Each structure stands twice: as structure tokens, then as C-alpha cells.
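Peer 1: Listed below, chain by chain, are the residues.
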Amino acid sequence: MEIKVIELRDDLARIAFIGEGHTFMNALVDEILRDPEVDVANYSSEFHFTDPVLLVTTKGGKKPVDAIREAAVAISGNCSGLIETIEKS
Amino acid sequence: MEISFSRLDEDIARFTLKDATPAFANTFRRTMIGEVPTLAIEDVMIYDNNSALFDEILSHRLGLIPIKTDLSEYVRRSECSCGGEGCSSCQAIFTLSVEGPCMVHSGDLIPADPKATTVSTDIPVVKLGKDQKVVLEARAELNDGSEHAKWQSTLACGYKAYPVITIDDNCDACGNCVEECPRNVLKIGKKSVEIADGKLEDCSMCRLCEKACMASGIGDKPAISVKPDTERFIFVVESDGSLPVKDIMTSAFGIIKNKADSLVDVLNEISGAI
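Going line by line, the protein sequences match chains C and H. Counting from 1, position 12 in the first sequence corresponds to residue 12 in the numbering used here; the numbering is continuous, with no gaps. Counting from 1, position 261 in the second sequence corresponds to residue 1261 in the numbering used here; the numbering is continuous, with no gaps.
Read the hints as simulated data drawn from the structure, not as lab findings. None of the values given here were measured: they were computed from a predicted structure. Careful, some of the hints might be misleading.
Derived contacts from chain H toward chain C, CB cut-off under 10 angstroms, selection only [said to hold, decoys possible]:
#1 1021
#2 1023
#3 1028
#4 1030
#5 1184
#6 1188
#7 1192
#8 1195
#9 1257
#10 1266
Rough simulated footprint, nothing fancy, chain H against chain C, three-plus residues with beta-carbon under 8 angstroms [as the list claims (entries may be wrong)]:
#11 35-49
#12 54-61
Here are the simulated DSS-like cross-link-like pairs (lysine-lysine), alpha carbons at most 25 angstroms apart as the crow flies [unchecked claim]:
#13 H:1227 <-> C:88
#14 C:4 <-> H:1257
#15 H:1018 <-> C:88
#16 H:1127 <-> C:88
#17 H:1187 <-> C:88
#18 C:63 <-> H:1257
The beta carbon of each residue, even a glycine, is placed where N, CA and C say it ideally should be.
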């Protein structure tokens, strides 16, 4: 996955996801928002054909990149569990 | 998260996804429709075509024919070691040579790879009259539904929230809701209305039962209430035959997982650089 960091501060990250659409971004934002230390998490594309930009702000000293990484790890874990269930059935 | 199947055939699956969020359920649906790759005819070399259809229409019709796909054998042309020139690992070649009068069917496409055949042999392509002839070579390649619908591996693919029907103690079993329900989800029990056996998942949450209950003059609040469970989803996935439903589901989860894993890798690199 290719990303472009537009802005990075202690409590804010603005990252463009090259070539991604709503399919992955919506699930990622939803998972990031489950973290109580995350203040804002949303994404927007300026036009239908432009890359989505993810904005994450945190409170309580948590690094926004860590929040995104933890969300991605959670999504990956969920998928692994479901793949195992499907293969067993 | 959990998956429990109520039906799992080669071409159709019905299952419940539990402990999931609406966002995850939608991502799974969108991935199955748009990102699971299949084979479809992309390039057609027409040597002879004096049928009633133009070359372009004929090629378009050939492109829409579903082809059985072995995802372990083929890679996308853009990712192939041949550099996109076309080889046996990124292309499946078919030949077609038919002379009229007859109907040309999908079964007339002769595959070079015996595994990559058309799903059905009965799909009509073009009707040929006397002395009409079609001779062509078609090349199928791997791609996904977000590029063109011909690469979509699913037909019906959707979900609905699991219905939760609660019946209060003040239900007088008048039966109005039972009559009103278009899907026969309810039945009259001994003291109150009950959910018919195995019918709960059929509920479309139209809430006609609530309206019928209110119309019976029960008071300010209906005795029956229907609500969606936002953590449980009933999925129906139908395959066009190019891939078994089980493979569509596992590859969809695999695609989401790969994206998440590669995001973790990229973020680890960034964290190391800061």
C-alpha cells in the first residue's frame, strides 16, 4: 500500500492513501474510532477520482500513527479469524 | 467476529456475520463484488465475421461470458513476469470457428487451457444465417469488478441487519400483526403472538406488524417492536460460477487482510524514520 504523509504532528496525522477507495477507508476509519484516545478520524476525497485523505487527531498523548496501526492490526486479525472459520466449514 | 452458515453450496451461500460493525460488513460486501479477480475475455482477434453483429458487439458479448477461474494458476497481466506482453500464466486463450446456419453458443469457444472453460455451454452469442461465418481468437485475462462488471465474480451479493422482534406482555394475541405480515414471520401462540419456527431471518423489518398493532387500539406504544441488530448481518452471496462462493469469500477477506498488513508495514517504516 502506498501512502503519502501530508501533515504529521504529535496529536494529528493527515495521510493520503494512493489508489484506495471507500471499500477499505470506511472500515479503517470505523476501526480507528473504536479507540477511546482518538478524537477525530475521518477521510475525504476532493473528487471522485482523487485519493482519499485520512485525518486522525488524538487526545491524551497517543500518537495518531499508532492509532492507525492498531486499527489495521485489528482488521487483519478479524480477517484471519474469519478465513479460518470459512476454511473449516 | 464469527461466521455461521445456514447454507453453503458451490454457487450460493447464506450466512450470518456476528459481532461485526456495519462498516466492516459493507467493506466485505464491496470487496466481494469489486475486488475479487476472475477471468473474462478482454482481447478478440477476429479473422472472419460476416454475421449480423458488428465486431465490437460480438467482442462485447464474448467478454460477458463467465469463465471458470483457478486463481492459483493465473496472475494479472500487469503483475505478470512477462511484463504484460501476454503468456500462459496471465492469459487464457480460446478459439471459435463456426459456420452457419446455426446459433453460436459459449460452448463453441474452445479453450487452450482445459481448466479455464466457460461456466455454461448454452449462452447464445450470435445467430448465423446461411453462408455466414465467425472465426476468431479470444484472450481472457484476470481483473476485477471495479475495472468492468464482466470481471465481477458475484451475482446477488448483499446483507441486511439481523431482525430483533420483541413482543411485550401486553400483547392480547388479537392476530392483526400475523395477518399483516407479508412474510408470515409471526403466528398466534397461547397467550400472545409468537415468532414462527425458523422464520425470524425472513423478516424484512417493514414494521407493518407495529402499525397493525397500533391500529388495533392498544395504546401509545405497540406491543410488538422490530429493530435491527447492528452487530449481526445476514449475507446472501451468489457466484456467477467462475469461482466457488467459498473461494470468493476467502479471497475477499484475504484482500482486506493484505491491505491492512501492508498498511502496518508502511506505518512501521514511517515510525522508524521519524
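Peer 1: If a hint holds in the structure, say so; if it does not, say that too.
Peer 2: A quick look at each hint next to the structure:
At a threshold of 10 angstroms, the smallest CB-CB gap from residue 1021 of chain H to chain C is about 5 angstroms, leaving the interface hint in force. At about 3 angstroms, the closest approach between the beta carbon of residue 1023 of chain H and any beta carbon in chain C falls short of 10 angstroms, and the interface hint on this residue holds. For residue 1028 of chain H, the interface hint holds, the least distance from its beta-carbon to any beta-carbon of chain C being 8 angstroms, beneath 10 angstroms. The closest approach between the C-beta of residue 1030 of chain H and any C-beta of chain C is roughly 4 angstroms, which is under the 10 angstroms cut-off, so the hint is satisfied.
A hinted interface residue such as residue 1184 of chain H counts as satisfied when its beta carbon comes closer than 10 angstroms to some beta carbon of chain C; here the least separation is about 29 angstroms, so the hint is violated. Of the supplied interface hints, the one on residue 1188 of chain H is violated, with its beta-carbon coming no nearer than about 36 angstroms to a beta-carbon of chain C, more than 10 angstroms. Because the beta carbon of residue 1192 of chain H sits about 36 angstroms from the nearest beta carbon in chain C, more than 10 angstroms, this interface hint is broken. Evaluation of the residue 1195 of chain H hint against chain C yields a violated restraint, the C-beta minimum of about 26 angstroms exceeding 10 angstroms.
Taking 10 angstroms as the C-beta cut-off, the interface hint given for residue 1257 of chain H holds, the closest approach to chain C being about 4 angstroms. For residue 1266 of chain H, the shortest C-beta to C-beta distance to chain C is roughly 6 angstroms, which falls under 10 angstroms, so the interface hint holds. Remark: the region 35-49 of chain C is not confirmed as covered by chain H, as 0 of its residues place a Cβ nearer than 8 angstroms to a Cβ of that chain, below the required three. Judged by the Cβ-Cβ criterion of 8 angstroms, the region 54-61 of chain C is not covered by chain H as claimed, because only 0 of its residues qualify and three are needed.
Under the criterion of a C-alpha separation no larger than 25 angstroms, the hint pairing residue 1227 of chain H with residue 88 of chain C is inconsistent with the structure, at around 32 angstroms. For the proposed pair residue 4 of chain C and residue 1257 of chain H, the alpha carbon gap of about 20 angstroms is at most 25 angstroms, so the pair holds. With a C-alpha separation of about 17 angstroms, the suggested pairing of residue 1018 of chain H with residue 88 of chain C holds against the 25 angstroms cut-off. Taken as a hint, the residue 1127 of chain H and residue 88 of chain C pair is broken in the structure, with Cα atoms around 46 angstroms apart against an allowance of 25 angstroms.
The suggested pairing of residue 1187 of chain H with residue 88 of chain C is violated, with an alpha-carbon distance near 36 angstroms, which exceeds 25 angstroms. Taken as a hint, the residue 63 of chain C and residue 1257 of chain H pair is honoured in the structure, with Cα atoms around 23 angstroms apart against an allowance of 25 angstroms.
Hint check: violations occur at hints 5, 6, 7, 8, 11, 12, 13, 16 and 17; the rest are consistent with the structure.
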